[in-house]
Each structure stands twice: as structure tokens, then as C-alpha cells.
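Asker: These protein sequence lines are chains A and B, in that order.
Heads up, the first sequence is in my numbering, so the first residue is 1 and it goes up one at a time.
Heads up, the second sequence is in my numbering, so the first residue is 1001 and it goes up one at a time.
Treat the hints with care, as some may be off.
Said to hold, decoys possible - List of simulated lysine to aspartate or glutamate pairs, EDC-like, C-alpha gap at most 20 angstroms: (1) LYS1253/B with ASP209/A; (2) LYS1525/B with ASP1490/B; (3) LYS1055/B with ASP1152/B; (4) LYS1347/B with GLU166/A.
No lab work stands behind these hints, which were simulated from the structure alone.
Since we're looking at a predicted model, the values are computed, not measured.
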Amino acid sequence: MPVEIPKDSWPGSVNTVTLGATGDQGGSRTSTVTIGGEQSLPFMHFENPTPHRPVIAMEVAAARPADWSAVLLEAWGSTLDDPAVWARACEDAGADLIVLQFGLKGSDDGPVSAEFAVEVVKEVMDSTGLPLVVLGPGQAEIDNSILVPIADATKGERIVLGLCEEGNYRTIVAAAMANDHLVLGKTPMDVNLAKQLNILMTDMGLPLDRIVMDPTTGALGYGIEYGYSVMERLRLAALQGDAMTQLPMLVTPGVETWKTKESKVGAGIPDEWGEWAERGVNWETLTAVALIEAGADVVVLRHPQSLVRVRAAIAELTASETA
Amino acid sequence: MSRYIATRAIRGANALVGEAEAMLEQALSEKGPDTPVAFPNTAYHLPVIFGMTGKEIAHLGELPEILVQARSLLHPTPSREHWTPYLGETLDSGMATLLAAETIEAIRYVYGLQPESMPGFELAGGTSFTSPDMNGGGNQPPNGHLNGAIDDIQLRSWGIQLVDGRMPGFAAIVGCASSNEAAVQIVRELQRRNILCFLSGNVNGHSIIDQLHEEGVELGYDTYTVPFGTDTISAIYALGFATRSALTFGGLKGGQPREILNYNKDRVFAFVLALGEVDDLKYSAAAGAINFGFPVIADTVIPQILPTGITTYEHVVSMPWNEIDGANDTEKAERLVQKCIEVRGVKVRVANVPVPVPYGSAFEGEVVRKADMRAEFGGRDSRCFEYLKMAKLDELTDGKIEVIGRGLSDVPDQGSMDMAILIEVAGRQMEQDFEPVLERQIHYFVNGASGIQHIGQRDITWIRLSTKAAEAGFDMEHFGKILHARFHSDFGAIVDKVQVTIITEPEEVEARLEEARAAYDFRNKRLADLTDTAVDEFYSCTLCQSFAPNHVCIVSPERLGLCGAYNWLDCKASFSINPTGPNQPIKLGRIIDPVRGYWEGTNAYARIGSHGVVEEVAMYSIMENPMTACGCFECIMMLIPEANGVMVVSREDTSMTPAGMTFSTLAGMAGGGIQTPGVMGVGKYYLISPKFISADGGFKRVVWMSSVLKDGMAEELKMVAEREGDAELIDRVADERSVTTVEELLPWLEENGHPALTMDPII
């Protein structure tokens, strides 16, 4: 007996956003990444095809990370000492995007400075042709102090600048507008706060096709359902036609999962937890795939093996479309 | 619009366009049309011309068409006999002046006459020039000339700060101050507030640039004080800067004049400060600035243009220097700058709370015990009250903190002292109705200081100061500093000036207390008069949608938010402060049912706010389409069908209720944004509202309520009982002390003669 699959028809769609600019487009990237454009809930291909598959970004720390799990340190080895080498390794591993994450520290354990930040960005851009997301440590004033000079030094590259939050959105948006970049708006797991920030950013004149939002999420077992639910509601509102929610979403399962005990601790835990590295990769992969199913357009990962597994999962989810 | 100003601006524009034409003709014949024209180090060509016309002028030969356009904007001066509207003509003339002025400066650059030379002058940082003559060679600072146009590098650095608010605005100062001392003080006052100063113009050959130079004030990028030139024409660089701000940070393109002007009006908080005599050219340049939404403040007697229109507030304001109140130039300058800030609506930020103890919300809950106490105000042994009132802008000096009476050192250890905290605030967007909303914040603001404990409000305020805080140097004036800083940072959208008076002199405290009590009384009455029928909008509150996604509170004057934290006035103030925030006005529109409380506006909003989950909301009924709840309710109401009434359970009551459920069990039914007839979460003050479930019979339907409510609101409930015509009404309502089951409830109600038993069936 034939089964009729009920189909939803949505009035709205997610904005299409292109990250990075090639030489012809005023930048220096060898490729660009386009995300968004969804007209249906994720992978409802029988309603509408997935216009742009979710993409995988790998996180590169600007200075050797002091608090990363030993599993990650082992996986990346000495590449962690040089962000340019590391970014290149990510590209070779198959990443679509590089997320360059600045912390509070710069070179030689000193505080992060504008000069250091610009230099690292330039080195990374020299070593990889992938589009870039550049994130400050998430403290408004420090973010401003490094992101503005980075924006000035990389005019035209369509870098995604973040974090752009309630406390500093004016500065980041102005820097992006003056230099043809994009911004990543981040709000703490709340649909209305996400909408409000989007209203404020677009009110400054920043076009919607230059904004990506991070609605904030949690790791599996650490609030993922809360984050999932917020993303789901944002996407439903977007499809219903609410322009201020129609932004592609970037989420950071790598950051979230690698700070959980399961991923970070290898000793003094029950045997049934299994092998440490495998557990960490599983945690990251499962979190990322769940978030992709909630509507994530970009997932930011840390472990190279997770990249492979998430890539495979995306391929499976879109298999019927490419067959 | 002043005809005098219009006449002079139009006359000035005619003259300048003529001058530009003559200069251009000469330049074309001497240098030829292919001669390049440019301002140094900018990608925006001649920026005002580029912004306003979209023309990318690169050669002298392209300038004639600009002057044709300028001339087409000129008008004859207004007739003496016949009244005609001349605002448009004046603004056109202003624009013509700007096009002509920029043309003139461009020609001067061709001749090497810009930047203007000034022998012996050293710039403290400035635009660099490719010509070695201009740079003084090598790495020497650029000497012997003024700055001229601002380069793009500096534009980016300052422009972003203007856009994000780190720099509150810029002042285009034109002319010459009444004395060198006055010039210095005016600039100091502006610098102190982080306002950028652009200097140009002169009066009888003497410029403010000369004045500051003579007094040894360093001028240049490094000191945020840029000397453009000693004539009025060089003021065009200020508008070139403004135009480029819009192009760079507003995503705008050349040839979008309307958008560029609006951008500046809305986002670049600049003003013109005209010092000394205002001649025709200054009037016409000022008219040009008004196009950008930049008002003009003059320190001489000139006609004023006070109505709002092109600028956000007044257009032209006269504040003659010799009439400004003030003991010395510093005080006069402060007043003048305050006036400028006020006229332009510049928002000044106060970054930190300047107190000698740690400050932050983490200290809000701190308790100061008697043993650790240095002094207390209020409580058992002294009186303390706080009173915030609105004043007119020109009545206050922002940041003024006055202590009247004894200081902390006069109080013995662990002693007490009378204190009155009087706060006066003024602001363009301030309303008298916001007074209590702001006054309630004092509690949080004062508590934020480590070592200070604040309890109560109004005339039951009780403040304790710890020995540690006193040892760190905390004194009476610091209460004022906290309040000044916090009101600016948290309520800057409605508050422009804050002045605080701390009174410890007992007789004065007594006198002021009378005034404050009259105000408290007035506010209470105002709240009582503030009824749902007296307003045409309610407010939404979506603050809780983060965890109850489809719940929306509709807050009316007679029904506060169910959390008890937001009443209608709070929502109104919140909307003024944060127009994109969680409290939005709901226009009521047509009333559908005044009894149950349906309006077209409230129903429409309920649908949108609940994302289609709730179709209609009855404001005054628990039985039909009751308002949904998040989970923050102070009380839960539930129908008791057997008693033909409702019960009200307080959040603080953990005991069993006649519904057979405790508060926490009931909360699961009442919350989550679900509409359940017969169950509702409410704020406890809704109980005393005349609109309390008025469609269902009002307060007489309450058959049971938690004793904590009865005790805590005894006074208010007494008034409700009187309003309902039964002084004993509250005693007829059961509570958990007498009844915990529905079986016990009915006989109890009968015994006590509860009116609900004889009312119409509630179902």
C-alpha cells in the first residue's frame, strides 16, 4: 500500500550567506563556503532539497591551548604550537572552514594584543585558502581591541568576526561594515535575545546576508536538549517567515564537549566508560550530529576523527538527495 | 524658522557660491581642467560632494558641474513684506554652501594653500602628507601648518568609536571664544567628556585655534582636538568627516544624500558651537550642518530656532557667554557644554562606579552585622528616606553631589544618623510616571557596593555601612556617586542629568521628608487612578519565553505581571529604555468585551506572542480564556467547584490546599504557557485590583487563601473588603490554618457566611 508522506509548505526560508572571498571577489581565499537557504526543516528532502549541506569548521587556537584534553593534544601533536601549521593541517584533514580562536593570552603568555592578533590572522591566511571565522576570547572589550584591527587588516576577505554580543555589537558591526566582513552574533540560549540582537545589528545597516548566529548550545548530557530546543524554535520561526530568525546558525560542539568530564578525564573513572579517546570523539560527534539535525549550518569541531565521522553522517543524511 | 537667520544664511550661501565660481574659473585657466584634485589620504574623493551627489571628483574640470548644482540650490532672500515658508530655502542654501566650501578647499589644496600654514605651530599628531614640505621631513612631526582634512586612517579609528558610543560625539567649534581662558575651558570640558573637537573659523581675524595655541594647548589627533583652519570654510572638513562616517560604517554609498543625512542625525551626535559674532557665512555653514541634524549653539545673542524638525531637538540655541551663571570661566564652560550635550541629545557614558570599595551585583545580597557596622541610617534609632524626582533639564547640573549636614566622621562607631537621599533627574525622555520606577532601583544600586547594606524603600529605608567600607574611604558623597553613575549607565535612554543631595542635617531631613511623603502619597493616588480604561495601550512581557516559549504576559494598569516584578509603569519605562526589548506596547484598538476584557489588540498580540498557541485572552476571567503563565507566578488560583469560588495559594505556602495539591504540584498545571480554564498564575497585588477576576464576580469568589497572603497584605485586603461592601470579608475566607480539604471547606464557609455560596454558579 502506498504511503503518502505529509509535506509541510513553509512561507519563509533561511538566508543564504557566503563566507570568504576569492581573489576575484576582493579577497585571497582559494574557496568560499555558502550556507543557509533552507526552505524546510533539516533533511526533509522530500519537501525541499537541502540547498547547502551543513559545513564543518575546525577550531584552531591562536596560542597553544592550555586547557585542552590530552586526547586532543595527542591527536594534533606539535601542530598545536603554530596556528598556521595547524590551520593547514585542518584544511588537509578536510575542513570546510577554519575558526581561529583567540584567548586572553598572546605570545609568550602575555595578554593578547592587536599586533599579535593581526600577525596570527595573516599567518593563518597565508597557510590556508579556506574562509575564516575569527573569534575573540568573548570578553567584549578585549574582543573589540583585537577584532577591529583584524578587520582593518583584512578588508574584503569576508571573514566572520565574533563574538558580537549585546555589549559590543556596535563596534563589531561597524568594523565589519567598514571592511566588508561578516559577523557572528552570539546570544545565551534564548530565542528572543537572539532575535533582539539580530534586530539591533541589522538596524545599524548590516545586511542580513552578512550575519551568522550562534544561539549557544550545550554538550550531550550537559544541556544539549535546551540548546537543541532553542535552535529548533529559531528555525521553525524562520520557516514561518520571521525575518529576524532567518539567519544560518553556527554552533560549537567541540568547545562544549571537550570540557566535559567524559572527554577530559582519562583516569579514575569506571571501566564501562570505555576507551578515553574513542569516548571523546563519540561525545563530540554525537553532539555535532544532533545539532545538525536541529538545524545547525556550521558545526565547529576539535578532533580530526570527529571531522571524518560527522562528514560521514552528513553524507548519510543527504544520501537520498545525491543518489 | 527665524526670517533673520534665513535671510543671512541665504545671503551667505549666495556670496560663497559666487566666490567658489570665481576661484574655480581662475584655477581652471591657471592650472587646466586635467589638474588632479584630492584631499590627502582618503578613498572618498571630495567626501561631501561624493556623499551628496555621488560624483567622484578627481580633476578640476569636474568641479564646474558641482557649482552648477550648488547655484541651483540658491534662493532669493525672503521678502520683508510677505511671509513665505523659508526652512527649505535655508536648508538648500546650507547645502549649496557645503558644496561651494568643499570646492574651495579642493582648489586650495591644488595651490598648496591647504593645510593652512601657521608658522611656529606644531601638530600633536595629524594627517600626514606625501609632500616633504608638509611633513617637516623624515619622522619629524608635521609642523608649521594646521591639519586640514582628516585622513581615512583617523576617520576609521574615531568613526568606529562614534558609532559604538565610546566617543559620545563631536563638536565643530567655529569662531573665537570671548577670552583665551574661556576657549581653554570650553575645550577642556569637551575633552573631559571624550567629545571630539574640530576647530575652525575666526572673529575679526582671531581664531579659537590662535587662542588655544597661545595658551599652550596641544592640538592634533593625539589630543582629540583638531585644528582645521582659521576660516569658516575649513569647517567643511567636519562635515566631510561626518559624511565619511556614514559611508564607512553605515554601509551607504555616494549619491545617497537622504540616507547619509539621516544616518548622521540618528547616529553621529555632533553639534556646532559658534563662538563670537556670527556672520553671514557662519549662518549659511550652520544651515549646512543642520541638514546633517547637527544643531547650532551660539555663545552670543542670536535668534533661536527652538522647534524640533530637521534636528532631533532644537535647531539653533543662543546662550550668551556673559549671561551664563557661573563664578568663573570653568563653571560657565561647563554650563555651555552641558547645554550643547542637551540640545544634541549626546549620551555621556559613565564607565565605572567611582567608589573606594568593590562594586558589582555580586555584593547585592551582602549583610552588614551590627558588630561590623560603622554607622547606620534609618532603622530603630534614626530616620532615613529616599526620594527621586524629575526636574527640568536646565535646573540641574549633571554629576553634582552635595552633602548637607554632618559627615560620617561625626557619627560615633556603630552609631546612627538621619539621612535623606534626594535624587533629581532630568531627561528628554523622562516622564513623571517613571519616578517610582527609577526610585526603586536605588535599592539595587546602593546594595552593589561592597560593605553597604540597603533595606526597604521610600521612608522606611535602612542603610548600614560596614567598618571595612568606611576604612576604605567610603563617605556620604559616595552614595551620590553610585547613583549618578548607575542611573546614567542603566537608564541613559531616559535620564540625561542626575544630581544628588545627601542631607544629614536633622531639621532639613524633617522638612524634606514632608515633601517626599506628599510625593509618595501623590504616586499612590496616581497608581489608584491609573485604570485600564484610562490608557490606550497595555504592555507585553516576553521576558520568560526563554523557558516558557509560548507564554506572554499582558500587563495592564490594573493587572500587573504574574511575577509581581513588572507593573504597567515598569513595562512602559522598560520600553523607553530598550525599544527592542521584551516589553512592547500593545495598542488596544476596538474593545470587544469590556466585562471579560477582550480587545482586538490584546487578542492579536496573544496570538503573535504565543506563536499561535493562544487565540484569545480574557484579561478579567479565570473561567474563559485565562491568561497563561510561565512559572514565575507569586500565587496560583484554582477553581473549587464545590465552593462556587476560587482558592489562592501563595508561592511561600508549602502546606496542603483544598484542591488536594500543594503549590509545587499546582505549579505544574498552571505554568508552561498552557491555557487551562479554572487555573491561573497571578501576581499577589492583582488580588486587590478592582479588575481581579471581575468577569467571574471579583474578590468575593475567593473562598480560601494562604495565610501568608492574608497577613502580608492585611492593610490592602482590608480596603478590598470595604470596597466589596463587607468589612468582615477577609475573615470569611478560609486558610490553611482552618481548612486543608474541600470536605472541611464547605461547612467552614457556611459557618462563616462566605458570599460565594450564594453567588451565581461560577461554571
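Asker: Now look at each hint and say whether the structure bears it out.
Answerer: Each hint tested on the structure:
no. : hint                     : verdict
1   : LYS1253/B with ASP209/A  : 18 angstroms, holds
2   : LYS1525/B with ASP1490/B : 28 angstroms, violated
3   : LYS1055/B with ASP1152/B : 19 angstroms, holds
4   : LYS1347/B with GLU166/A  : 18 angstroms, holds
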